[in-house]
Every structure is written in structure tokens, then in C-alpha cells.
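Q: Given these sequences and hints, build the entire structure.
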Amino acid sequence: MCIYTYLLIYIHAATSSPYHTKKSSSHFHISLSLSHTHTHTLEMESQYKVNSNGGIESGSTNTTTRVANKRNLRGWDLVLRFLALSLSLAAAVVLGVDKESTTVAMTLVPTLPAVNVPVTAKWHYLSAFVFFVVANAIACAHAAISLLLALANKGGNKGISLMIVLFDLVMVALLFSSFGAALAIGLMGYEGNSHVQWKKVCNVFDKFCNQAAAAFGLSGAATVAFFLLVVLATFNHHKKH
Amino acid sequence: MASTDTAAHSEAGKLVDKAATPSDNRGPAERAPSSRSFAAADVVLRFLLFASGVVAVVVMVTSKQTELIPIPIPPFLTPRPAKFTHSPAFIYFVAALSVAGLYGAITTLISLFALRKPASYPRFLSHFVIFDVLLLGIVAAATGTAGGVAYIGLKGNTHVQWRKICDIYGEFCRHIGASIAVSLFGSVVLALLVLLSIYSLSKRIPKHSY
Numbered sequence: 001m002c003i004y005t006y007l008l009i010y011i012h013a014a015t016s017s018p019y020h021t022k023k024s025s026s027h028f029h030i031s032l033s034l035s036h037t038h039t040h041t042l043e044m045e046s047q048y049k050v051n052s053n054g055g056i057e058s059g060s061t062n063t064t065t066r067v068a069n070k071r072n073l074r075g076w077d078l079v080l081r082f083l084a085l086s087l088s089l090a091a092a093v094v095l096g097v098d099k100e101s102t103t104v105a106m107t108l109v110p111t112l113p114a115v116n117v118p119v120t121a122k123w124h125y126l127s128a129f130v131f132f133v134v135a136n137a138i139a140c141a142h143a144a145i146s147l148l149l150a151l152a153n154k155g156g157n158k159g160i161s162l163m164i165v166l167f168d169l170v171m172v173a174l175l176f177s178s179f180g181a182a183l184a185i186g187l188m189g190y191e192g193n194s195h196v197q198w199k200k201v202c203n204v205f206d207k208f209c210n211q212a213a214a215a216f217g218l219s220g221a222a223t224v225a226f227f228l229l230v231v232l233a234t235f236n237h238h239k240k241h
Numbered sequence: 001m002a003s004t005d006t007a008a009h010s011e012a013g014k015l016v017d018k019a020a021t022p023s024d025n026r027g028p029a030e031r032a033p034s035s036r037s038f039a040a041a042d043v044v045l046r047f048l049l050f051a052s053g054v055v056a057v058v059v060m061v062t063s064k065q066t067e068l069i070p071i072p073i074p075p076f077l078t079p080r081p082a083k084f085t086h087s088p089a090f091i092y093f094v095a096a097l098s099v100a101g102l103y104g105a106i107t108t109l110i111s112l113f114a115l116r117k118p119a120s121y122p123r124f125l126s127h128f129v130i131f132d133v134l135l136l137g138i139v140a141a142a143t144g145t146a147g148g149v150a151y152i153g154l155k156g157n158t159h160v161q162w163r164k165i166c167d168i169y170g171e172f173c174r175h176i177g178a179s180i181a182v183s184l185f186g187s188v189v190l191a192l193l194v195l196l197s198i199y200s201l202s203k204r205i206p207k208h209s210y
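Just so you know, the protein sequences line up as chains A and B, in that order. Reading the first sequence from the start, the letters are residues 1 to 241 in UniProt numbering. Reading the second sequence from the start, the letters are residues 1 to 210 in UniProt numbering.
Honestly, the hints are just simulated from the structure, not real lab data. Be aware that a few hints might be false.
Just some of the chain B residues that point at chain A, by a computed CB distance under 8 angstroms [as the list claims (entries may be wrong)]:
| hint | residue |
| --- | --- |
| 1 | Ala89 |
| 2 | Ala141 |
| 3 | Ala142 |
| 4 | Thr143 |
| 5 | Gly144 |
| 6 | Gly147 |
| 7 | Val149 |
| 8 | Ile152 |
| 9 | Ile165 |
| 10 | Ser187 |
| 11 | Ile198 |
| 12 | Tyr199 |
By construction, the Cβ of each residue, glycine as well, lies at the ideal position given by its N, Cα and C atoms.
A: What follows is the structure, encoded as C-alpha cells:
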């Protein structure tokens, strides 16, 4: 929670409108920005006061309200994008360094005692894990590029924002499918499948399996972040009209 | 000949009348045709989603195949079936695609209703975009899940000694592959639906005054 507040303060300071001159008023908005509707009405009132004090005609009140509300949503957009960037990067790295070597007691000839055979599990032995790492790396790169674009796109160019939403959508599909594929193969390693005699391997490689599970959790959070980004974009469009 | 000619002429006249009357009635709402074409594309895409969901589920469910497998002790052949219920990934696939097909059927009907009243289209859109994105996630995850398991079945994996099964159960694997291809098409359709909704929502921003 502390980190979120810090990020919000940073973003509001970076994107604060010229009306928010005092630090205290900016902080007041941050503390209330958890619920959108309250912020909406409060900001409308405050903008109205500033406008009436400044002698600006009240016809421009709606425009300023809209700008403030857009800024607010834009802050959430940037936070979610940063979360998606870090989570997908962490997922790709955690699964990308996954490797375990261990020894298995194997009986080659029934009459002789069992011999210890060294076996290794690496992440790129399973094609679903390769897909997972590549998809997360692509999502991470997209999140980085779109974060830069969203920071640079202060004027609200509609073409750029539409392009970002399009690629967000592609990332949602990509991340969901890679998450499903890797989870299915991980479950197969955890449980095995008796019908086709695929034995489970997680009783041998426990550290490998735990690390893979951690990567799945991180990637799931990144997927939810991308999903929320698309929902936020549609909500934004919806709210405007 | 003459009668058919006049009939055709009057038909053409009716068509012209039909085409002319709405444009006369339209007046201030000049963006209505674009909204209408968006709604028509919406109906077509939703119907495609319904069709792909049903086809994928039917192809997956009918994929049962029984083959004679030699077992070592005692050495003779036993019939062993391959069914989609043997893998949890395929069960999830069937459930997810059924949900997608049902959702496609329901929203096709609602979208047809919205096509008759183009004014209600934006409200309809803004309610369903979020569900569309959610369904896109579910269908994409189902495609990935089934694809990951089917790839192991097709190629096998020597590192963990999972042998391939598609050399034995050829028909089963063809069914699974076709079903996954159809569900991939379904997820592309869903992505197009979301894109269409976002585009048409963002297109009508300048129309409304605040």
C-alpha cells in the first residue's frame, strides 16, 4: 500500500494540472483517488471554485472536470502498466533461470543393486515453458514501450492510444494462452497421466516445480494487470461519451 | 415480358423509396449509418463466435478412438480407448468453449435486438465489452492449454520420458488438432469484437457534447 501511494504521488506530481499549485491540495486529491466518483464530484467543485475565483466563465467547468478525470484514469493506467512490466519481467526471469540437477536411483538390471543416475531438468526442455518465457518477454517489452509512449503522449493523440489498446489486447490473448499452456504442462508434471503413461516428475524435481509455480503466479498477476488495462481503456472511452 | 418489366421497375422504385426514406427521416443524426454497420459487423462476429464454439466442442467430444495396444504381461492385444476426458486440459477446453458458444448465442440475439434500434447500440456495447475481454482471456487460455498438451502428444518429450501417442491414435489427434484450430479462430473473432467495440466507442466521442 505504501508503494502504491508513493507511485500515485509521483504520478500526480508528474501530471498535475496547473490548477494544483499547492502540494497540500495535490495530496488531498491523492488521498481521495481510491474511489472515482468521489474524486469526480470533489474535483468538479474545486475546479468550479478556482474558476469562479479567477473570473472564468462557468461554461468551461465541464471541460476542466473532464481533463482532471482523464488525468486520474491516466495515473491508474500508468501504475497498471508499470505493474504489468515488472510482473511479466519477473515471471520470465524466474522461469528462465529454472534448472535443477539431481540423482535418481534406477534399477537397470533386476538382480543388481540400484545405480544413481544424474538427471537434469531445464526450462527449455518443455516447449510450453519456452512459449511461456517468450510470451512474457514480449509482454514485458510491450509494457516498456507503451509506458514510454503513454508518458510521451500527453496531448492525448487518439491514434497512438488506440494502437496501445490494440497491442494490449494482443498481449492479453498471448499471456492467457501461454499461462494456460504452461499451467497444463506443469500440472501434468505434478500429477502425471495414467491413461497415456506419462509419469509425474515433480517428486524428483521439487525445487524446479516450485520455481515454475512461482513463475506461474507472477505471470497470472501480470495477465490480470493487462486485462485491467484493457478494461480501463474501454471504461475511459465509455465515460467520455 | 412487359409485366415482368414493370414489376421489376416497380420493385426498383420501391427499393429506391426504401433507401430514400430513412435518409430523409434521419436528418440530424448523420452518423447513424456507421453505427448501423458497426452493429451489423457485431452481429456477424458474434454469430461466428457461437458457431466456432459449437464446432470446437462437437469435434472435441466426438474424438473417441479405441485401438488395440500390445501390453507386455500377458503378451496379447487389449483395446484401449483414447478420450478427451482422460486429460484435465481437454475437459477445461470443452467447458470454456461451451461457455463461449453460449455467450455467443445470447449476445447474438441481444445484438440483433440492438440492430433494430441503433440508438441503443452504444449502451449495449459498453455493457458487453468487459465480458468480451474476459471471454477472450478464457478462450485464449483454453486454446493454449489444449495446445500445450496436444503438442506433447504429437511430439512426445524425451527428457521426462513422455512418449508420443499420436502415432497410435491418429484419428483422435486429428480431431483434437481441428478443434484447437477452430478455437484459435474463435479467439481471433473475440479479439476483433473487442477491437470493433473500442473503435466504435472512441469514434463517437466528438459526436456528443459534454
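Q: Would the stated hint for B/Ile198 survive a check requiring a Cβ distance to chain A of less than 8 angstroms?
A: Since chain A brings a Cβ to about 6 angstroms from B/Ile198, closer than 8 angstroms, the hint holds.
Q: Using Cβ atoms only, decide whether B/Gly144 comes closer than 8 angstroms to chain A, and label the hint accordingly.
A: Since chain A brings a Cβ to about 3 angstroms from B/Gly144, closer than 8 angstroms, the hint holds.
Q: Would the hint on B/Ile165 be counted as holding, given a Cβ-Cβ threshold of 8 angstroms to chain A?
A: With a minimum Cβ separation of about 5 angstroms from chain A (threshold 8 angstroms), the hint on B/Ile165 holds.
Q: Going by Cβ atoms only, is B/Ile152 closer than 8 angstroms to chain A?
A: holds, 7 angstroms
Q: Hint B/Ala89 vs chain A: min CB-CB distance below 8 angstroms?
A: Holds. Min distance 4 angstroms.
Q: Was the hint right that B/Ser187 lines chain A, CB cutoff 8 angstroms?
A: holds, 6 angstroms
Q: Would the hint on B/Ala141 be counted as holding, given a Cβ-Cβ threshold of 8 angstroms to chain A?
A: holds, 4 angstroms
Q: Close enough to count: is the Cβ of B/Ala142 nearer than 8 angstroms to one in chain A?
A: holds, 7 angstroms
Q: Are B/Thr143 and chain A close enough, Cβ to Cβ, to be under 8 angstroms, as the hint says?
A: holds, 6 angstroms
Q: Can the hint on B/Val149 be confirmed by a CB-to-CB distance to chain A that is less than 8 angstroms?
A: Holds. Min distance 5 angstroms.
Q: For the restraint on B/Tyr199, tell me whether the closest CB of chain A is nearer than 8 angstroms.
A: Cβ of B/Tyr199 sits 7 angstroms from chain A, so the hint holds.
Q: Taking the closest Cβ pair, is B/Gly147 under 8 angstroms from chain A?
A: Holds: closest Cβ of chain A sits about 6 angstroms from B/Gly147, inside 8 angstroms.
The earlier numbered hints are all upheld by this structure, with none contradicted.
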